[in-house]
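Engineer: In case you want the letters, here they are:
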Amino acid sequence: CTPIVDNRGNLPTQDAVDQIVIGGSSRADVQRILGSPTTAGTFNDKVWYYISRKQETVAFMKPAVREQTIVAVHFDDAGLVSKMTASGGETVEFIDHTAEITPTTGHSMGFLEQLFGNIGRFGSKGGVYKAPSPTTGR
Amino acid sequence: CASSSDEDPNVYVEAPVEQLYNQAMDAMLAERYEQAGKQFDEVERQHPYSVWATKAQLMSGYTHYLRDQFDDAIIAMDRFIQLHPSHRDTPYAYYIKAISYYAQIADVSRDQSLTEQAMSALNEVVRRYPDSSYARDARVKIDLTRDHMAGKEMEIGRFYLRTEQYTAAVNRFRRVVDQYQTTTHVPEALLRLTEIYLALGLKDEAQAAAAVLGHNYPGSRWYAESYALMTGGKRPMTQGEPGRGWFGRQIESITDIF
Amino acid sequence: QTQGPAAPTGQTQARPAPSAAPQVVIQSIRVEGTQRIEPDTVRNYLNIRLGEPVTADVVDKSLKTLFATGLFADVSVGIDRGDILVVRVVENPIVNRIAFEGLDKLEEKDLLAEMQLRPRVVYTRSKLQADVQRLLDVYRRNSRFAASIEPKIIQLDQNRVDVVFEVKEGDPTTVSKITFVGNKQYSDSTLRSELMSSEYRWYRFWASDDSYDPDRVAFDREKLRRFYLKNGYADFRIQSAVAELAPDRKSFYLTFTVEEGQRYKFGKINISSQLKNLDPSKLGEGITTVSGEWYNNEQIEATIEKLTQRVGDLGYAFVDVQPVTNRDPQGKVIDVSFEVREGPKAYVERIDISGNVRTQDRVLRREFRLVEGDAFNASRLRRSEQRIKDLGFFKSVEVTREQGSQPDQIVLKAKVEEQSTGDLTVGGGFSTSDGPLGEIGIRERNLLGRGQDLKVTTLLASKRSKVDISFVEPYFLDRQLALTVDAFHTTRDLQKYSSYDWRSTGGAVGFGWQLNEDWSESLKYTLRSDSISDIEDDASRYVKESAGTTLSSFITHTIAYDKRDSRRNPTDGYVISLENDIAGLGGDTRYLRTTLRGEYYYPVMPEVVASLRANIGNIVGFGEDVRINDRFYLGGEEFRGFRTGGVGTRDKGSGDALGAQNYYVLTQEVSFPLGLPKELGLTARLFHDIGSAWGADVSGSGVNDSTSIRASVGIGFTWVSPFGPIRVDFGIPYLKQKYDRTQNFTFGFATRY
Chain A
1 CTPIVDNRGN LPTQDAVDQI VIGGSSRADV QRILGSPTTA GTFNDKVWYY
51 ISRKQETVAF MKPAVREQTI VAVHFDDAGL VSKMTASGGE TVEFIDHTAE
101 ITPTTGHSMG FLEQLFGNIG RFGSKGGVYK APSPTTGR
Chain B
1001 CASSSDEDPN VYVEAPVEQL YNQAMDAMLA ERYEQAGKQF DEVERQHPYS
1051 VWATKAQLMS GYTHYLRDQF DDAIIAMDRF IQLHPSHRDT PYAYYIKAIS
1101 YYAQIADVSR DQSLTEQAMS ALNEVVRRYP DSSYARDARV KIDLTRDHMA
1151 GKEMEIGRFY LRTEQYTAAV NRFRRVVDQY QTTTHVPEAL LRLTEIYLAL
1201 GLKDEAQAAA AVLGHNYPGS RWYAESYALM TGGKRPMTQG EPGRGWFGRQ
1251 IESITDIF
Chain C
2001 QTQGPAAPTG QTQARPAPSA APQVVIQSIR VEGTQRIEPD TVRNYLNIRL
2051 GEPVTADVVD KSLKTLFATG LFADVSVGID RGDILVVRVV ENPIVNRIAF
2101 EGLDKLEEKD LLAEMQLRPR VVYTRSKLQA DVQRLLDVYR RNSRFAASIE
2151 PKIIQLDQNR VDVVFEVKEG DPTTVSKITF VGNKQYSDST LRSELMSSEY
2201 RWYRFWASDD SYDPDRVAFD REKLRRFYLK NGYADFRIQS AVAELAPDRK
2251 SFYLTFTVEE GQRYKFGKIN ISSQLKNLDP SKLGEGITTV SGEWYNNEQI
2301 EATIEKLTQR VGDLGYAFVD VQPVTNRDPQ GKVIDVSFEV REGPKAYVER
2351 IDISGNVRTQ DRVLRREFRL VEGDAFNASR LRRSEQRIKD LGFFKSVEVT
2401 REQGSQPDQI VLKAKVEEQS TGDLTVGGGF STSDGPLGEI GIRERNLLGR
2451 GQDLKVTTLL ASKRSKVDIS FVEPYFLDRQ LALTVDAFHT TRDLQKYSSY
2501 DWRSTGGAVG FGWQLNEDWS ESLKYTLRSD SISDIEDDAS RYVKESAGTT
2551 LSSFITHTIA YDKRDSRRNP TDGYVISLEN DIAGLGGDTR YLRTTLRGEY
2601 YYPVMPEVVA SLRANIGNIV GFGEDVRIND RFYLGGEEFR GFRTGGVGTR
2651 DKGSGDALGA QNYYVLTQEV SFPLGLPKEL GLTARLFHDI GSAWGADVSG
2701 SGVNDSTSIR ASVGIGFTWV SPFGPIRVDF GIPYLKQKYD RTQNFTFGFA
2751 TRY
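Residue numbers (our numbering), protein chains in the order written: chain A, 1 to 138; chain B, 1001 to 1258; chain C, 2001 to 2753.
The hints are simulated quantities; they were obtained by calculation from the structure and are not laboratory data.
Beta carbons are placed, not taken as given, at the ideal position from N, Cα and C, and that holds for glycine.
Any given hint could turn out to be false.
Some chain C residues near chain A, calculated using beta-carbon distances under 7 Å [as the list claims (entries may be wrong)]:
| hint | residue |
| --- | --- |
| 1 | Thr2065 |
| 2 | Tyr2347 |
| 3 | Lys2413 |
Once the Cα atoms are required to be at most 27 Å apart in a straight line, the calculated DSS-like pairs of lysine-lysine come out as [as the list claims (entries may be wrong)]:
| hint | chain 1 | residue 1 | chain 2 | residue 2 |
| --- | --- | --- | --- | --- |
| 4 | C | Lys2230 | C | Lys2563 |
| 5 | A | Lys62 | B | Lys1234 |
| 6 | C | Lys2524 | C | Lys2496 |
| 7 | C | Lys2109 | B | Lys1038 |
| 8 | C | Lys2282 | C | Lys2306 |
| 9 | B | Lys1203 | A | Lys54 |
| 10 | C | Lys2389 | A | Lys62 |
| 11 | A | Lys54 | C | Lys2282 |
| 12 | C | Lys2345 | A | Lys46 |
| 13 | C | Lys2652 | C | Lys2736 |
| 14 | C | Lys2230 | C | Lys2276 |
| 15 | C | Lys2276 | A | Lys54 |
| 16 | C | Lys2265 | A | Lys54 |
| 17 | A | Lys54 | C | Lys2413 |
| 18 | A | Lys62 | C | Lys2109 |
| 19 | C | Lys2223 | C | Lys2265 |
| 20 | B | Lys1038 | A | Lys62 |
| 21 | A | Lys54 | C | Lys2306 |
| 22 | C | Lys2127 | B | Lys1038 |
| 23 | C | Lys2109 | C | Lys2168 |
| 24 | A | Lys46 | B | Lys1203 |
| 25 | A | Lys62 | C | Lys2395 |
| 26 | C | Lys2345 | A | Lys83 |
| 27 | C | Lys2455 | C | Lys2395 |
| 28 | B | Lys1038 | A | Lys83 |
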């Protein structure tokens, strides 16, 4: 049975990469030729990453990554391409992501409420805060 | 054609405005909000030109709010604002409208259109009456609403993380770090970025994320987890607690229905 | 009772300021005529600053803003003692009460919801006229074109008014006749069955599609066009679709004038590619557009879809397949060339989901074939939208594209409108095998908005009772893995067939997955306790031997290849499934049961479907005999003409059915409408069943057992009545063993709310 093939992310073609001139192309040039980067450096905006992953999903298995290529485009202070590196999946690590989450409030529907579909209130759990009445001016 | 005598059955007999208004106030203080709401409407209906009518409009909207009928409360307040744009109590009307939206914000896995409406209504209270007591409370609620919006981004990011779609997940967590810097979700977003960059093989990005997490949130458990991730030590969150291994989490995903 | 809207609320135009000198400095503003509204409110809307020169057009502008508020019937301005601006206003009245007279079909609250005017709202004549128009629209939507509405205003004290609408609804305008002009190839009735609208018939009192509705007529034009394009008429054109009011003004005549044109066949079909190093010949395999066949634009669209997907899978992110057709009117042939071209480069920046008030975000997001950051692909987007629709949780699903933050980025916005996914079924009925039956079921297909399916059904019949709880999580661990959990308690009174009562209680946990588009597989573990009791003294000794309670613990593996066009009522294609139960992981029973099922459907003519169904089963015990309640009991609906368990081994003495360890049954059937109009929902079928059931570990002298073929032929009817489906089958066994138990007539009827 043939697996389902998915190509995730943005894989620039080789002849597009060849058009980038080290020390010559600006961010606008790279944007025009290679398209928008998959993501950029979170804390230093001098690097753009073009990440692409070819993954195959068989029946109910998790998608298995067959190929991964990352093209990193580094810019110097003048905003011109200083260096470009391409890497495959060799430094990939298998991470078991922690299931902990930061709690959020928001009215999550109780079981019965769900079935009968009325929507309750946001705000602090337990005793519900009610705004004071307007100046009564009796 | 309908003569006035056989109007809808529960119409109240015409009464002087003060008496009607005071009856309504007593009903409200006795927490009989439904009856109070009806009586305030009667004040306005029978004596639309008395000064009490304006106050009654506001109080009727307020009883809707107390009975969690937020849509009705918002409609009543909008009407008050349209009729009395510069009344002494108009700031209060804006405030009740804002917290009526705020009270309906749904949890992060569901439609957030009310969150956006709450945010814009709260901002309007702060913009129009910056130094009123309502603005002070609105600012607190704005932060909570922003935190909630960050929670929505995290929820979607975690979905892509769980299904190992890292190219999708990375940008959701980056948006939390960039646009929601003051929220409680930033530490976890930084840890997730560390996890993703390692899974993608981008060591230096993972290092940068862990460093920022350590620098800004040194005591947080998220940093301890990312530090262990970077140095290959025992990870408190994932391997720490007993029984929380793979199987424990799967059963939890079913049982947390109830 | 005052006649007509006499309230002095005419919306007169603002009179310009009386001969004010063009440049006047205003020191203060005096407001006159306000009753309910505070003077400050009026000053607030006037944008006149005190102490500064005021020109005529500033005054005029502020008058316009005052009017725009809708609060005032009349506004005028004057100058008093040189520097005091006097603003005289007449307030619009307040609506005190709104009443309707002559309402029958529509309720007051539906109409009120549509209107601007409400109690305690400011009354203006323009709002009144807008509301009258809106109410007429509501009636038109309910196809009441003859409705008329007369508003009456009653003046009250303190500038209040009552608004009364006198409504004459008139009766519904229906479509009495649908005729076609210019249709040479297809008869009026064939074309009529393609349309959504249908002609009014007295006996279809529950039908709603016979009322006249302009949107439905527009939709019918599209359906007609698609029908002809599907059948080779590439030049088809609708000249006009006219609805004229019948002389009695109660119904409409619908007339479609069409121009069929010639019927074309597919000529040369080829695929050309402008993508670098993509060899088009590789793409040709399995394309449904075949030269020589009748032209069919739906096949062209299906081919585009297949090509786009196939090229996409080869790693070409941006694919755009355009069909280029050229017509040869003389040769009545159309050549189609599929050009594979580079599509516009675009990436999915973000997928925003809204409208999911109950459903969780991930339940929708996991159906997307696109993920954020992916190259945008229109066919994947279409498939995603279709998958969300197939969930059945939403009234409407709308996925739109918006420009992202960069020129080559797109934000996908999925807007859904939820519908109720819970249903409560309360049913009653009768079937020959179970007697009168009552059924109550609760089901929630989108439990807690998590996409999970929870169903609780209880059935009570004279011969059978059942309680069944089933839970399905379609994406266990966020994978394409369906987890099913079942718990059941069944009792059956089989005295008539085998002189014992049977009770079975148990539970099962199973996983199901899709190998690809057609192959599906599942693995299930079941733990069940069966008990056989109340055995009559003259029952067969084999029945007496099996008395008591047994525990069965078995694994079921199923694999199926399903190519049918639909699961609910298939008319084309086939399905083959193999099921194996292995009992022996603990428990008292040890056996292997294998069942092979096949169904093949062939649409002989529209609405006439021939089908061939085959079931073959075998059960063999490991180191022990197969117990009586695990064996196969052939008969009833599966083998018409014979009673449940009517075919199989039988105790010579007591005549009790002992079931069989091997069986096969082959059903040939053809179902056809009885020529009556399709809305009656009456279909008939001719069937011919062949089969046999033999072999039981306990076969000895005292047991009749034979492998001879049994056969029956018969006729059956199904009527989908407004109260529920009613099935009747009449079968005559013409080949049987003397000891088989026959039953010529089976009847089943169940109503559902």
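Engineer: Hint by hint, work out which the structure violates, then give me just those numbers in ascending order.
Structural biologist: 1, 3, 6, 14, 16, 18, 20, 25, 28
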